[in-house]
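Enquirer: Listed here are the chains, written in short residue letters.
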Amino acid sequence: MVSSTVYGIEELLDRVYTLLTSFGYEVWMSHKGTVPVFSNRTAFGNCLQAVKDCDLFLGIITPNYGSGQDPKDSSSLSITHQEILKAIELNKPRWLLAHDNVVFARSLLNNLGYKGRAGRADLRLKKNQIFTDLRISDLYEDATIDHESPETVPLDERKGNWVQKYHSNNDGSIFIGSQFFRYQEVEEFIKENFQNGEPLQKNGGAS
Amino acid sequence: MNLKQIKTLLSLGENQRVEFKSSIRNLEELGRTVCGFLNSAGGYLICGVSESEGVIGIESSHDAVTKLERYLLEHISPKAFVAVQAEELDKKLVISIEVPAGSDVPYAFKDVIYIRTGELTQVAKSQTIRDIVMRHQVEPERWERRFSFADIERDLDVQEIRTTIAEAGNVRRVLFRDAKDISMVLEDFSVARYGRLTNGGDVLFSTNPAIRLPQTRIRAMCYSSDKAGDTFIDMKSFEGPLHRIFEDAYAFIIRNTSSSSKFIKGNPKRLDAPLYPEEAVREALINALAHRDYSAASGGVSIHVYPHRLEIWNSGALPEGVTEQSLLKGQISILRNPDIAHVLYLRGFMEKAGRGSVLMVQKCLDSGLPSPFWKSDPKLGVTVTFSTPEVTPEVTPEVTPEVTPEVTPEVTPEVTPEVIKLLKHLTSEMSRGDLQEVIGLRDAEHFRKSYIIPALEIKAIEMTIPEKPTSSKQKYRISSVGERILAGLANNSAR
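Taken in sequence, the protein lines are chains H and S.
Mind the numbering: the first sequence is residues 1 to 207 in my numbering, read in order.
Mind the numbering: the second sequence is residues 208 to 702 in my numbering, read in order.
Bear in mind the hints are in silico, worked out from the structure with no lab data behind them.
Do not rely on the hints blindly, as some may be mistaken.
[Stated by the list, open to error] Which residues of chain S face chain H? A few of them, derived with a C-beta cut under 10 Å, are: (1) Pro285; (2) Asp311; (3) Asp318; (4) Ile336; (5) Arg426.
[Stated by the list, open to error] Straight line, CA to CA, 27 Å or less: simulated DSS-like cross-link-like pairs of lysine-lysine: (6) S/Lys559 with S/Lys211; (7) S/Lys211 with S/Lys680; (8) S/Lys317 with S/Lys682; (9) S/Lys631 with H/Lys165; (10) S/Lys631 with S/Lys680; (11) H/Lys32 with S/Lys317; (12) H/Lys32 with S/Lys680; (13) S/Lys631 with H/Lys127; (14) S/Lys286 with H/Lys32.
[What the hints assert, rightly or not] Stretches of chain H that chain S covers, calculated by requiring three or more beta carbons in the stretch to come under 8 Å of a beta carbon on chain S: (15) 12–19; (16) 170–177.
All values derive from a computational prediction rather than experimental measurement.
Where is the CB? At the ideal position from N, CA and C, for every residue including glycine.
Build the full structure now, drawing on both the sequences and the hints.
Expert: In structure tokens:
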């Protein structure tokens, strides 16, 4: 499943979708309308269920926070934010891409003395197109913290917190090409070595 | 008309990747082929032509071009410059689709990546796709795609954007996500990302890109004589969004060149036309602005109007894969600024990329002017020169030393003794039989291969019925190129 905001990054999403499908994956992406939808669930419910059901999770954090917040509740989170949190909670095999602006903005705020979620709590951001919501920094931190051992484990020993910075669509393509192509190699290796060969007998594994 | 003749007539040359389709009914097939061309070296699709029957025409509908364009625009990702045009061949409508090699590979049609292997379009294999992606990473980001320092909220020329939306929407029926949202529109044009304008967007849509990018200015000068550096009659510098400086520069040329007047039989009114064909000059100007290398801050575009010639110069060399010779024959190239070219195409200013120069040559020859010629040098830039028939050998050496060597090497090496003989005997419009008789040759096939075809190839002669090359009423006449060859011979013998 690919989880991201859609606005302004349609070209990148198209590229990610074509690359992953070309590599042989079934891709669930709301921009392409391929997320399984059940009429008895809300849009939110369908998205979160997809996170539960997917095998692999790719999250893209952009300078746009995205939709889905409850307008009456300023603390409510966007759909993308909730999806990424859910993937982390379920410990899904996950890959995350974060746009350079997100990494830069957080670093700038930290160095200005507005460190962490609490440090940014009193800041108010004017409407703009470069960085739409301060909670994007929260999301980035949520993704980079090791949730199994928060705070106590040194950064270089943390697991599952790899977030790749990207600047251009090309950077995104290279990340997809290098990370996900390996699965194709593994799949081909399994096919070549086990499906028709000696290690597995016909119908091997059935009991 | 055979396929070779069609290629010649459309100025597609022999070595181009050209594919013929009998109709445009199978849109899926067209989309796949276009995608394959984009991911490979580019190519041309000619629809309405059958391998076995020749030109059969599109059944047609007047909005077939628009529908096809829209279909390709909707289903090919990322957006690419693909020029769709209706053309007439043998009085039948065909549609040509020009596909320059893409700069943002890999491209997908309906989410599937296709490539060309020989003459086949195939779904790209995983390994191929990975290779394309990885190879692409070594290329630096294009100048036009890099972020500009322009402030997207303060520096935009909103009126320019609105005009573009209206023209692109009317002419090409482009799909905008929200035509009222300027930011979204700029993203739809691929000239803004993440709330910032790209250099390409700056050049096209900001109030004055020259503040940040001085190389976007056009300098225009008009001289009182054919000597460079002589007195200026008029001198201007144009700044602003690309389309505006384009129109201002064209107005400058028109203002400073005389018009030619002629009377046509049966029409009592005098017909006035610009000295240089409008389409050819606009094409040259738009090419200078769309294809130039913007990356050097010291670069620029300038226009020099002399009494007997017009020069349009831009800094930088010709784009990769383009040579002075290939410009005369037509070629498929990788566009240097595809985003800028795409917006100009959507506004109707650029209908073709590889064939533009060939059509410029054709327009000039049709108007009785010498063919324009190009001179490219990585240090001195690219100059295209239009000239009037009055340019004499006495004038050229002092004005532009490059004029003579430029014209002659392209023309003379291919002028065989047979062609010269043919030209000397072609005194009026004559049929092949008449010419053969005058020259005193019996073998029709030998005459066709050694005399007629070589003379047509270098455009020294032209057909009186070009749309029907094999017509029994076909005659030939000497062209302005042919006259120049004869004049050159006369000068040489006089010396």
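Enquirer: For every hint, state whether the structure bears it out.
Expert: Evaluation of the provided hints:
For S/Pro285, the interface hint holds, the least distance from its beta-carbon to any beta-carbon of chain H being 5 Å, beneath 10 Å. At its closest, the beta carbon of S/Asp311 sits 8 Å from a beta carbon of chain H; the interface hint therefore holds under the 10 Å criterion. With a least beta-carbon distance of about 5 Å to chain H, the hint placing S/Asp318 at the interface is held under the 10 Å criterion. The restraint placing S/Ile336 at the interface with chain H holds, with a minimum CB-CB distance near 5 Å, inside the 10 Å limit.
For S/Arg426, the interface hint is violated, the least distance from its beta-carbon to any beta-carbon of chain H being 34 Å, above 10 Å. With a C-alpha separation of about 21 Å, the suggested pairing of S/Lys559 with S/Lys211 holds against the 27 Å cut-off. Distance restraint check for S/Lys211 and S/Lys680: the Cα-Cα separation of roughly 21 Å lies within the 27 Å cut-off, and the hinted pair is therefore satisfied. For the hint pairing S/Lys317 with S/Lys682, the CA-to-CA distance comes to about 49 Å; that exceeds 27 Å, so the pair is violated.
With a C-alpha separation of about 71 Å, the suggested pairing of S/Lys631 with H/Lys165 is violated against the 27 Å cut-off. As the CA atoms of S/Lys631 and S/Lys680 are separated by approximately 22 Å, the hinted pair is consistent with the 27 Å bound. With a CA separation close to 11 Å, the supplied pair H/Lys32 and S/Lys317 stays within the 27 Å bound. For the suggested pair H/Lys32 and S/Lys680, the alpha carbons sit about 59 Å apart, so the restraint of at most 27 Å is broken.
Under the criterion of a C-alpha separation no larger than 27 Å, the hint pairing S/Lys631 with H/Lys127 is inconsistent with the structure, at around 77 Å. Proximity of S/Lys286 to H/Lys32 is assessed by CA-CA distance (about 17 Å); at most 27 Å being required, the pair is judged to hold. Coverage of the segment 12–19 of chain H by chain S holds. Counting CB-CB distances below 8 Å, 5 residues qualify, and the rule asks for three or more. With a threshold of 8 Å between beta carbons, the proposed coverage of the segment 170–177 of chain H by chain S holds, since 5 of its residues qualify and at least three are required.
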